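Trainee: Protein sequence lines correspond, in order, to chains A and B.
Quick note: the first sequence uses this note's numbering, first residue 1, plus one each step.
Quick note: the second sequence uses this note's numbering, first residue 1, plus one each step.
Just so you know, the hints here were simulated from the structure itself, not pulled from any lab data.
Be aware that one or more of the hints could be misleading.
Heads up, incomplete: computed chain B residues facing chain A, CB under 10 Å, no partners named [claimed, not checked]:
{"no.": "1", "residue": "181"}
{"no.": "2", "residue": "183"}
{"no.": "3", "residue": "184"}
{"no.": "4", "residue": "185"}
{"no.": "5", "residue": "186"}
{"no.": "6", "residue": "190"}
{"no.": "7", "residue": "194"}
{"no.": "8", "residue": "278"}
Computed from a predicted structure; not experimentally measured.
Cβ coordinates follow ideal geometry from the N, Cα and C atoms, glycine included.
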Amino acid sequence: MSGLTTTAPAIELTGATKRFRTPSGTLHTAVRDLDLTVAPGEFVAVVGPTGCGKSTTLTLVSGLEEPTEGEVKVHGEHVEGINSQVGFVFQQDAVFPWRTVLSNVMAGPRFRGVPVAEARERARDWLSRVGLAAFEDRYPHQLSGGMRKRVALAQTFVNDPKILLMDEPFSALDVQTRALMSDQLLELWAGTGSSVVFVTHDLDEAIALADRVVVMTAGPATVKQIFTVDLPRPRTVEAVRLEPRFVELYREIWASLGEEVRITRERGAGNAA
Amino acid sequence: MPLETPVAAPAAAPVVTRTAARERAARNRKFTVYGARAGVLVAFLGLWELSARSGVIDPFNFSQPSRIWAQIWQWITHGTAQGSLGEQIGYTLYEALTGWVIGVTCGVLLGIALGRIRFLADVFGPYIKVLNAIPRIVLAPIFLIWFGLGPASKVASAVVLVFFPVFFNAFQGAREVDRNLIANARILGADNRKLTLQVVIPAATTWIFTSLHVSFGFALIGAIVGEYIGATKGLGLLVAAAQGTFNAAGVYAAMTILAVVALFTEGLLTFAEKRLFRWKPADSGDGR
Ligand SMILES: Nc1ncnc2c1ncn2[C@@H]1O[C@H](COP(=O)(O)OP(=O)(O)OP(=O)(O)O)[C@@H](O)[C@H]1O
Ligand SMILES: [Mg+2]
Numbered sequence: 001m002s003g004l005t006t007t008a009p010a011i012e013l014t015g016a017t018k019r020f021r022t023p024s025g026t027l028h029t030a031v032r033d034l035d036l037t038v039a040p041g042e043f044v045a046v047v048g049p050t051g052c053g054k055s056t057t058l059t060l061v062s063g064l065e066e067p068t069e070g071e072v073k074v075h076g077e078h079v080e081g082i083n084s085q086v087g088f089v090f091q092q093d094a095v096f097p098w099r100t101v102l103s104n105v106m107a108g109p110r111f112r113g114v115p116v117a118e119a120r121e122r123a124r125d126w127l128s129r130v131g132l133a134a135f136e137d138r139y140p141h142q143l144s145g146g147m148r149k150r151v152a153l154a155q156t157f158v159n160d161p162k163i164l165l166m167d168e169p170f171s172a173l174d175v176q177t178r179a180l181m182s183d184q185l186l187e188l189w190a191g192t193g194s195s196v197v198f199v200t201h202d203l204d205e206a207i208a209l210a211d212r213v214v215v216m217t218a219g220p221a222t223v224k225q226i227f228t229v230d231l232p233r234p235r236t237v238e239a240v241r242l243e244p245r246f247v248e249l250y251r252e253i254w255a256s257l258g259e260e261v262r263i264t265r266e267r268g269a270g271n272a273a
Numbered sequence: 001m002p003l004e005t006p007v008a009a010p011a012a013a014p015v016v017t018r019t020a021a022r023e024r025a026a027r028n029r030k031f032t033v034y035g036a037r038a039g040v041l042v043a044f045l046g047l048w049e050l051s052a053r054s055g056v057i058d059p060f061n062f063s064q065p066s067r068i069w070a071q072i073w074q075w076i077t078h079g080t081a082q083g084s085l086g087e088q089i090g091y092t093l094y095e096a097l098t099g100w101v102i103g104v105t106c107g108v109l110l111g112i113a114l115g116r117i118r119f120l121a122d123v124f125g126p127y128i129k130v131l132n133a134i135p136r137i138v139l140a141p142i143f144l145i146w147f148g149l150g151p152a153s154k155v156a157s158a159v160v161l162v163f164f165p166v167f168f169n170a171f172q173g174a175r176e177v178d179r180n181l182i183a184n185a186r187i188l189g190a191d192n193r194k195l196t197l198q199v200v201i202p203a204a205t206t207w208i209f210t211s212l213h214v215s216f217g218f219a220l221i222g223a224i225v226g227e228y229i230g231a232t233k234g235l236g237l238l239v240a241a242a243q244g245t246f247n248a249a250g251v252y253a254a255m256t257i258l259a260v261v262a263l264f265t266e267g268l269l270t271f272a273e274k275r276l277f278r279w280k281p282a283d284s285g286d287g288r
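All chains should be modelled from the sequences, with the hints used to inform the complete structure.
Mentor: Listed below in C-alpha cells is the structure:
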C-alpha cells in the first residue's frame with residue numbers, strides 16, 4: 001500500500017476533457033484532452049491566457065467537477081467526490097462572511113471533527129503565521145482584500161493538505177506582501193512535502209516558485225509546453241530573480257505564452273465585432 | 001515618533017474640529033427631523049380635532065382624537081366589555097405570536113428543504129404555487145368553522161398568512177447561496193448536513209429575516225381578521241363590538257392600540273436582527 005502511494009504520481013490527468021452546457025444550450029469546451037502528471041512533492045505552476053480553463057482544471061483535480069471524458073487520478077486513485085487530502089485556495093473570495101477570522105480558520109478542522117480546543121489552537125497558530133493574529137475577532141467585511149486572502153490561505157493550510165491547489169492566491173496582494181507570502185509558501189511547502197498546483201498570471205512568481213511551469217494553450221485549454229525550472233533550492237523570490245538562468249527562462253516562457261495570449265485577444269476582438 | 005508629532009499636530013487640529021462640527025450638524029439634523037415629525041403629528045391631530053368640533057367633518061363617522069383618547073383611557077381604567085384591555089392585547093398577541101412561530105418554523109424548514117433537495121422542489125413546487133395563488137384571507141371563515149371561536153382558528157389564519165412569504169424567501173435564500181462558499185466548505189470537509197446547517201442556513205438568514213419583518217405584520221392581520229369574524233376575546237373583537245354599537249371612537253382606539261403593539265414588536269425584531277447580523281457591513285442593515 002505504502003509502496004503504491006510513493007510510486008504513483010500525486011496527480012495524473014489523462015485525456016481529461018470538460019464541457020459545460022451554456023445557457024443558450026450549446027456545449028462549451030473549457031478543457032480539451034489534457035495530460036498532466038504531478039509527482040509527489042512537486043511544485044507545478046500553471047500559466048495561460050485568461051479564460052483558457054485553468055480554474056476548471058483545478059476543479060477537476062479537486063473533485064468538485066467530474067471530467068466529461070478522460071481520467072483524473074490522485075495518488076493513483078480515481079477522483080470520486082472530494083478528497084480530504086486536497087486543499088484548494090479559490091480565485092474568488094470564499095471565506096464565510098458570517099464567521100469571524102478565527103472561526104473561519106477553524107472551519108476546516110471543525111468540519112472534520114477535530115475538538116474545538118485543538119481546532120482553535122491550530123487556527124491561532126496559522127493565523128499568526130499569516131500575520132493576522134491580532135485580527136482573529138474581526139469579520140471578513142472588516143478586512144482588506146489582501147487580508148481576506150491570507151485568511152483563505154490559513155483556512156486551507158490548517159487542514160494539512162497533501163495536495164495543494166492554488167488558484168491565483170496572491171493576485172489580490174500588493175507586491176511586497178506577495179513576495180513575502182511566496183517565500184513563506186516555499187518554506188511551508190518544503191516542510192510538508194505536499195504537491196502543489198499553482199495557477200498564476202505572474203511569470204516571475206511562476207518561475208520563482210515552481211519545479212515546472214506548464215503553459216496552457218488558448219481555450220479550450222490543453223498543455224502547450226512544459227518548462228523545467230532548474231534553479232537550485234532553497235530559493236528566495238528576490239534573489240532568484242537576478243540569476244541569468246531565471247531571465248533566460250522568463251524569455252522562453254514569455255514567448256510561448258505570448259502567442260496564446262495573442263490568439264485569445266484576437267478571438268475576443270473577433271467576438272466583440 | 002518625535003519626528004511625526006510636529007507634522008501630525010497641525011493636521012490633527014482641524015480634523016478634530018471638522019469631525020466635531022460634522023457630528024454637531026448630524027445631531028442638529030436629527031433634532032430637526034424629530035421635531036418636524038412631531039409637528040406633523042400635532043398638526044394632523046389638531047386639524048382633526050378642530051374640524052370635528054367645528055362640524056366640518058361629522059364626529060359620528062370620523063370621531064375625534066379627544067374621544068379616541070377618552071375611549072382608550074376608559075378601556076385602560078375600567079376594562080372593556082369582554083374583560084380588561086391587557087387581556088385583549090394578550091389574546092391577540094398570543095394568537096399572532098403562536099401563528100407566526102408555527103408559520104415561520106414550517107416556512108423556514110420547508111423552504112430550506114426544498115431549496116436544498118431538488119427532487120422535493122420538483123414534486124411540491126407546483127402545489128405550493130397553486131396554494132399561494134389562493135387569496136388566503138378568505139380561509140379565515142373556513143377556519144372558524146373548523147376550529148371554532150377559540151384561539152385555534154385565529155392561529156390557523158395567521159399561519160397561512162405567514163407561511164408563504166417566509167417559505168419563498170427561505171427557498172430563494174437556500175437556492176442562491178454563493179457557489180464559491182459551498183465549494184469551499186466541501187473542500188474544507190463539510191458533509192451535507194454540516195453544509196446545510198453551517199453554510200446554507202447562515203447564508204439564507206438575510207433572506208429569511210427580510211420576510212420575518214413583513215410576516216409578523218401578516219400574523220397580526222390573520223389574528224385580527226379571525227377575531228373580527230368571530231371570537232370571544234381579542235382586539236379584533238373589540239373593533240367588531242365597537243362597530244356593532246356605532247362607536248367610531250372605539251374602532252379608532254382599537255386601531256391605535258394595534259398600531260402601537262405592531263410598532264413595538266417591529267422594534268424588538270429590528271433589535272434581534274442587529275444582534276444576529278453583526279457580521280454584515282453596518283450601512284446596509286441600517287436601512288430599515
Ligand atoms: N460553470 C460553468 N459553466 C459554463 N462555462 C464555464 C463554467 N465555468 C467555466 N466556464 C467557461 O470555461 C472557460 C474556462 O474558465 P476558467 O475559469 O477555467 O478560466 P481560467 O483559465 O481560470 O481564467 P482566468 O485566468 O481568467 O481565471 C471560460 O470560457 C468560462 O466561460
Ligand atoms: Mg481562473
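Trainee: What hint numbers does the structure not satisfy?
Mentor: none
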